[in-house]
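Number of protein chains: 2
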Amino acid sequence: MSRAFNFNAGPAALPLEVLEIAQKELIDFNGTGMSIMEHSHRGKAYDAVHAEAVANIGKLLGVTDDYQVLFLQGGASLQFAQVPLNLLGEGQTADYVNTGAWASKAIKEAQKVGKVNILADTSKEIPTNMPDFDALAYTPGAAYVHVTSNETIAGTQIQKFPNTASPLVCDMSSDILSRAFDLKQFGLIYAGAQKNLGPSGVTLVVIRKDLLERAPTTLPTMLQYRTQAKENSLYNTPPTFGIYILMLVSRWLLAKGGAAGIEKINRAKADKLYAAFDNSGGYYRGSAVKHLRSIMNVTWRLPSEELEEKFIKEATALKMIGLKGHRSVGGCRASIYNAVGMDAIDALTSFMKDFQAKNG
Amino acid sequence: MSRAFNFNAGPAALPLEVLEIAQKELIDFNGTGMSIMEHSHRGKAYDAVHAEAVANIGKLLGVTDDYQVLFLQGGASLQFAQVPLNLLGEGQTADYVNTGAWASKAIKEAQKVGKVNILADTSKEIPTNMPDFDALAYTPGAAYVHVTSNETIAGTQIQKFPNTASPLVCDMSSDILSRAFDLKQFGLIYAGAQKNLGPSGVTLVVIRKDLLERAPTTLPTMLQYRTQAKENSLYNTPPTFGIYILMLVSRWLLAKGGAAGIEKINRAKADKLYAAFDNSGGYYRGSAVKHLRSIMNVTWRLPSEELEEKFIKEATALKMIGLKGHRSVGGCRASIYNAVGMDAIDALTSFMKDFQAKNG
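Protein sequences appear in the order of chains A and B. According to our numbering, the first sequence is numbered sequentially starting from 1. According to our numbering, the second sequence is numbered sequentially starting from 1.
Hints are computed from structural coordinates only; laboratory data are not their basis. Remember, predicted model here, so these are calculated numbers, not experimental data. Don't take each hint at face value.
As the list makes no split between identical chains, a pair holds if one copy fits it or if it spans any two.
[To be verified] Simulated pairs of lysine-lysine, DSSO-like, Cα-Cα distance not exceeding 30 Å: (1) K358 with K290; (2) K319 with K105; (3) K324 with K44; (4) K230 with K324; (5) K44 with K313; (6) K264 with K290.
Construct the complete structure from the given sequences, taking the supplied hints into account.
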């Protein structure tokens, strides 16, 4: 088998080692004569998987006793609503920063629930941009402040999280566990698993425990964070196979040296790819403002749309998959999540040179 | 490998043939050099899987143009809320029938949303029971009527669905596609996948299209059925691996002759197991009223709790897994979903005879 270079934005590349274990165990998990998919979510075999997933994510994110790890369903898209439904009380205001497509979606859902103050809007700027988070006029007494750590489509990433008086809530879907950060700065973080953590269908939420009790009990039981917090994410049947893969990925991440270890690798990958733009004499132009460049989603343009189309087509033929920019912005994008290796970066930068030589 | 006899209530047994295909393809799906988990939900490879899943479920359930198949997340537990949030307008009443633990949960969530009329309550009856659905006093002009086709814990099953003037909504989590039925009788059916359709983390909803537009647009976008209906369940990233397994299960079901074909097999399995009670001289006593016995979840008692414990322990040692009744009711339960073969029934009934001979 020849493995593709997978630059998909999500669902995305998974570590080959993880897939190999999953394949080996798929029909017979740990000699039980059953697939992990066939085990009861209340039985011993799955229980150990679930507990290890919670513990490993705790270790990787530096989760302390005042926080809780939850595995939910519905993706970040459901969190866009669940966050305000739980945290935005009547008469309160939530601060949001609009940095792009994903922040915009979060804002739209919050506006259905309560009062939203948009602190800054850089969502339409080109080159893609973010505001200076330390210079924003945060609302005194805001229910929370919502930011998007990494804009998958724009290719921008918050470089330094602000210290906010109100609980900081962050959509980390596209850069969770790609770099070290201090969880203490946050009230709640959430992330769809399908970029850095596992397959689609699992949503990671880490919530500071004092925030668990904010939701009105009139809210549907499944939408209250306290429901799954009380039951360790086992109030109802969780997506057991997805959590199993996430657990294997968490093991793989621990072996890489955790968040700090993988960050070093990720920065080296991103540096090499961005250098390929910067050394191309302007042939490849990064789409994001330089100091906000994402180490996860690298976005760029070629001299024309025709060349971009040709570039993507030829790269695809060389098994470099997923290089087309999001349909809303065009251009090229390489998502280089944790499981994308340096071999993929080397293949891509080498192709970039060849392509420029032939089409420059 | 010796495969266990899997009587789990859910997540539950999957067809071995399905697991074998999934294992073979896990790292390299159709020669793409990537796992199906790593494919974009907007790419060609997954697109074909998704389309086949929708088409096959359509064939199996007799879905016509006036209905739509949706793949959602959050399990039946989220549907308990999503149904009233979408269908129960202000000032309207929804009729519910309380037949046990699952119906009770559905009722609790509906009561948070609007006015609920409980048509009948058999949830506390022993032997476990259901009302005569044709004799209920349905509310004229009710927003909908909600029933639970199969009570997993009680081991009872609706034998004949009522013809209701208001749209009939049914939680079919534990008997979906185990028997033939006429979809035309229903406004909406829903089912967590983890019993008869695939792994946990996918929820099947089939909705009559005229009901799609009932929800207030102020509802969170992800909770409106119309959102996923418009986007063929691709508004956000769906649980792609779960839908892939569901697609493989749907192929397997079609090869078995569809709902009618699998029903014949299921009835033969259930008949054999119930006969083992009825021919035991009262040693094994079925927990459900005879004419409502479920062909999916078979529940029974032994002469004492001590014997039940011994029975379950010895059966487990013989690799018959999951025979303990739900903790809320005790006793024994064998969940004999579509993927549980006659070999499992034979092993169990043979063990029942031996056990009675030694402990009778």
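Review point. Given identical chains, is K230 near K324, meaning Cα to Cα at most 30 Å, within a copy, between copies, both, or neither?
Key: Result: close only across copies, 24 Å inter versus 43 Å intra.
Practice item. Have a look at K44 and K313 and pick one of within, between, both or neither, based on CA distance no larger than 30 Å. Key: between (49 Å within a copy, 15 Å between copies)
Review point. At most 30 Å between C-alpha atoms: does K319 with K105 qualify within a copy, between copies, both, or neither?
Key: Neither way: K319 and K105 sit 32 Å apart in one copy and 49 Å across, limit 30 Å.
Point to revise | Intra/inter-copy verdict for K358 and K290 if alpha-carbon distance must be at most 30 Å | key: For K358 and K290, only the intra-copy Cα distance (27 Å) is at most 30 Å; the inter-copy one is 79 Å.
Practice item. Could you place K324 and K44 in one of the four classes (within, between, both, neither) given a Cα distance threshold of 30 Å? Key: between (44 Å within a copy, 14 Å between copies)
Review point. Is it within, between, both, or neither for K264 and K290, if the alpha carbons may be no more than 30 Å apart?
Key: within (19 Å within a copy, 66 Å between copies)
Hint compliance for this structure: hint 2 alone is broken.
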